[in-house]
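Position chain R against the provided structure of chain W, taking the given hints into account.
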Amino acid sequence: MPKDGGIGASSKRREDIRFLTGEGNYTDDINLHGQAYVFFLRSDIAHGTLNSVDTSAAEAMPGVVKIFTGADFEAVGSIPCGWQVTDKHGEVMQEPRHPVLAHGKVRHVGEPIAAVVAESLSEARDAAEAIVLDITDLPAVIDMKEAVKAGAPKVHDDLTSNLCYDWGFVEENKGAVDQAFKDAAHVTTLELVNNRLVANPMEPRVAVGDYARGTGDHTLYTTSQNPHVIRLLMGAFVLGIPEHKLRVVAPDVGGGFGTKIFHYQEEAFCTFAAKACNRPVKWTSSRSEAFMSDAHGRDHVTKIQMALDKDNNFTALRTDTYANMGAYLSTFAPSVPTWLHGTLMAGNYKTPLIYVNVKAVFTNTVPVDAYRGAGRPEATYQLERLVDKCAHELGVDPIALRRQNFITEFPYATPVAVEYDTGDYVATMDKLEEISDMAGFAARRTASEAKGKLRGFGVNCYIEACGIAPSNLVGQLGARAGLYESATVRVNATGGLVVMTGSHSHGQGHETAFPQVIAEMIGIPEDMIEIVHGDTANTPMGMGTYGSRSLAVGGSAMVRATEKIIAKAKKIASHLLEASEGDIELKDGAFSVAGTDKSVAWGDVTLAAYVPHNYPLEDIEPGLEETAFYDPSNFTYPSGAYACEVELDPETGHVTIERFAAADDFGNIVNPMIVTGQVHGGLAQGIGQALMENCTYDSDGQLLSASYMDYAMPRASDLPFYTVDHSCQTPCTHNPLGVKGCGEAGAIGSPPAVVNAVLDAMRSGGKDVGHIDMPVTPARVWAAMNG
Amino acid sequence: MYNFDVEKPTSIADAVAALGREEAQPISGGQTLIPTLKARLAMPSVLVSLRGIAEMQGISTDGQGRLCIGGGTLHAVVAKEAAAQYPALAGLAARIGDPAVRNRGTIGGSVANNDPSACYPSAVLASGATVVTNAREIAADDFFEGMFATALEEGEIVTEVKFPIPEKAHYEKFIQPASRFPLVAVFVAKFADGVRVAVTGASENGVFRWTDAEDALSSNFDAGAIEGLTVDGGGMISDLHGSGDYRAHLVGVMTKRAVAALT
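In the order they appear, the protein sequences are chains W and R.
For the first sequence, counting from 1, position 144 maps to 144 in the numbering used here; every step adds exactly one.
Whatever position you read off the second sequence (first residue = 1), add 787 for the numbering used here.
For reference, chain W alone in the conformation it holds in the complex:
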C-alpha cells in the first residue's frame, strides 16, 4: 500500500505547479530599475596574441554606457580554481591565471575579450562590432597527446608546459600492479575516448549585478547551483568584497547538470560593472554563447588494462588517461579526473591492485569541468567496457565474469582509498536479469533478424560515490572548500516550518522531498513545511547541490536541526504537561506522556515557544529555531546494474534503443517518483552521450558542434520506455536517513551498457570489432561494420 505522505510516499512535486504554468522566477525574469545590458565580444580564434583592443569608435556608438577590456581587470583577481591536485612527484599542479576578460592572449574560441555595457542589448552588440581587435594568430593546441610533446606551442607562456599535472594513484601500488601484469594468465587492453559533451541545461546562464551606492552592498543574481560558493569565490578571490557586503541569489534555476556549479567570468563582470557603471548590469547567454562558454564535460582519452589469473579472477588494473582541462582551470576541473575518477576504478569488483595515471592537459578549448557524474561516468565506462572485452576474449559470459569478481562483503576497503559501507551487487544483478527479461532476448533477436536487423544485449554494473566528504579528508586531497551542508529549521508560532537549506534545487524536487522527511519526523502534513534556498541573505552557509549530495548531506543537516527542534519542543511539552521530559513522546503531531492519555498538540507547543506565558523561561529560551551543519564521515555508494537492448540496421548503421532496464540500489528512498524521474533524466543523458552527443573541434580550434544543427541532443523519440527498479536497498550506514543519492546514476551507468549492446549486435552479424568509440553514430557503426 503506497504511503500518502512522509518518507516513502510519491508526493507530487509542488514546484512543478509554478514551473509548468510559467510562474517560475528565473534569473532572466529579474529586471532591475535602470538596468543596462552587457554584450561580450568573444574570440573567434582559438589561440592568438592580443596586441590591442581599440574601443574608441565603439565608445561613440549610440546607447553605450561603458566598455571594458582586459586592462580594466589587471588589478582584479584571477577566476579561482577550487581544487589543487598534487602530482605523482609531490609537486602541485600548474595553475594559470584566468582573467575576467582576456589580456595579452586569447586561448579559446568564445573567450571574452571586451564587454560593452549599453542601454539595450542590440546597442551593446552594435558597439561590440565597432571594436577593433589586433590579434596575431598562434598555432592552436587541440590534441592532448600532441599538446604534451616537447616543443608544442604553449597555451600559457608562463607555465613550463601544457601538462597541468601527472597524477599517480596509488603511486605506492605501481610496482605491485606492474608485477601482477607480468604474472597474469591473461591481459585485456582497451583504448577508448570518453567524448566531450556540452551540458545544455534548458535555461542558459544569466547574471544580473546590482550595487547600492548608499550602502556599498553588492548583489548578484545568477544561475548557480551553489550561491554561497560563488559568494566566497568571487568575493574573496576575484573582486575583494567581504561576504557581509555581497549577496548572491540563485532563484529558480532551469537545470544545471554540473555546468552551473562553477564561478564564471560573466558573474564577476556583472558584479564589477554594476559598481563601475553605478547601475544594474544584466547578461543573458544566448544558446550560441553557451556552447562556447559553459564548461564542457568528459573528454578523456584512456588506455586501460586488466590482468586476470588462470581462473578469470581480476588480479590488477591499470589505466593511463589524458584528461582535457581546456584553456583554463574551471572551478573543480582538477578534481574530476583524479579524486572523482581514480577512487572509483575498483567499481563493483574485488580487484586487489589498481594503479591510475592521469595527465591533465591544457588545450585551446573551452574549460572542461564536472558534468552529471563527473569522473565517475569516465571510470565506469572504461571499466565496464574493459570487463566486457575480457569476457569476450576469454569466451566467458560477461555477467558470469562480473558475478565471479563482485565484492560481496561490506564494508569493503578498495585499493583506491575508499571504503564502501554497503551494497549488494548480486541482488541488483539478479533484479536486472529479471526486469530486463533476459530470458526473452533470444526470441526478440530472432524477431529482429526476421526484419533484417541485428539485435544486441549489453549490461554493465556501476558504483558511484556521492556526497563527497568528509571535509578534513577532502582538504587533504586538495579541496579548497569544505563539503558539509547546513540547514536552519524555523518553526513559526502556529506550527508551520520553514527550512532554510544550503542545498540548492535546480530541478531535483527538494521543495517536495525535504518536507516529506520533516513531516515524517514530527507527524504533521507536508504542506505545513516550506523550503527556502538559493539566497545567501536568508540561508546558512552551504555548499550547494552537485554530486548527488542534497538529500544525503543537506537532508542530514535538516534532520539534525529538526532533532534539535524536537528536543526543545519536548522540554516545552513536558512543562505544559507537567511531566518528566523523559516521558514525553512525539507521535502524529502531538506530544503525550507515556502511559497516560495526557497530550498537547504540536501547534500548542510551538505557540507556547513564541507566546511564552506558561513557559520554563528560567530553563530555556523562547522561540523554536535551530541550525545544524552536517559533515558526513564518508561518501555514499549507490550501485546498480543496467541492461540495454539495441536494434541495429546493418545497411545504414542506425542504432535504436529498444529496451533499457535499470536496477539501482539507492539505499532508503524518500520519494520513489522523484527517484524514478532522476533515473530517467540520467539515462537520457547517458544514452545521449553513447549514441548522439559529441562536442568536436577542428585542428584550428574551431568548435564544429557549435549549435543544435550539429550537436545532437537526444529527444523523446530517441529513447525507449525505461524499466526502472529501486527495490534493492542497502541503506547507507553513516547518515541518519540511510540514503545514498540518485541524481547521477543514470548518466553514469548507461553508456557502457549501450556500447556493449551495440558491439553484441555487431558480433551477431559476424563482425567483432572489439571496440567502437562514442557517440555510436550511424556513420561510425557503418564504417566499423564495413572496415
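Keep in mind the hints are simulated off the structure, nothing from the lab.
Be a bit skeptical, because a hint or two may be false.
To be verified - Pair by pair, the computed Cβ-Cβ distance ranges are: (1) Ala829/R to Val193/W: 33 to 39 Å; (2) Pro525/W to Lys825/R: 46 to 52 Å; (3) Asp718/W to Lys795/R: 49 to 55 Å.
Predicted model, so just to flag it, every value in this text is computed and none were measured.
From the three backbone atoms N, C-alpha and C, an ideal C-beta is built for every residue, glycine too.
Below, chain R without anything else, positioned relative to chain W:
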C-alpha cells in the same frame, strides 16, 4: 539582428516592385533567413514578406492534371491537402522539421533557398515539376544549379510549383541526428514514361538526379534492379555526421528502400 524595414505586399506585382529597392530581401516562412538574421550574417535594408500574397497561397489542379502549389503555401497545408492526390509529396511535407517549422515554412522558400539538405528540392526534381516565377516557368532540371544556387534572378520570386503526379512515388529519408535534416534522402517517382530518382542531403552540388538508377528502374522497377549500382563518394558532403563514402552508400540504400516501398 540588424535593423531593417518590412514591407508586406498583397500582390506578386507589388512584391516584385518592393524587391527593386536597394538591399531588399524576400522573406517567406523565414525558417532559414530569420536564424541568419539573428546571427547577424545578413544585413538587408528591407525584408519583403511574401506571406500576405493571396495568389501565392493554396493548392489546385491545372488542366494537365498537375498539382499546383502556391509558393507561399505552408508545409503543414501541403501535408494535409495534397495527401489524397500526391501522398508521397504530402508525406515529405509532413516530416519536414517540427510542427513549428511546418506552420511557418513554405514550399517557395524551400525551393528558392535550395539548401543541399532540404527535403522539397528532391520532390520537385524527381517529379519533373515546373517552378513558376513572377517572370517565367522553369523546368526543375534547369532550376537547381548547386548548393544554395538556383536559376532565379535577383528579385525573382517562386510563385508556384506545378507537380506532374506520378503513378507512384516514395520519399525515403535518413536523418542527420542533430538537425534532423536529411543526411541523405531519395525521392523516387515512377511515371508512365520512366522513373526519376532525386537525391538530397548527399552532394556538394545540392540535389541531383541519380540517372544510373533511373535507367535501371525504368526498365525494371524493382529494388533488385539497382543492386550493384553505386554513386561516387568523391563529390559527396563529408562532415561530422558522415563521410562522402557513407553518404554515397546511403544513396543506394535509400533508393532501394524507396523502390521496395512501392513494389
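Hint check results:
no.: 1; hint: Ala829/R to Val193/W: 33 to 39 Å; in the structure: holds (38 Å)
no.: 2; hint: Pro525/W to Lys825/R: 46 to 52 Å; in the structure: holds (49 Å)
no.: 3; hint: Asp718/W to Lys795/R: 49 to 55 Å; in the structure: violated (39 Å)
Checked against the numbered hints above, the structure breaks only hint 3 and satisfies the rest.
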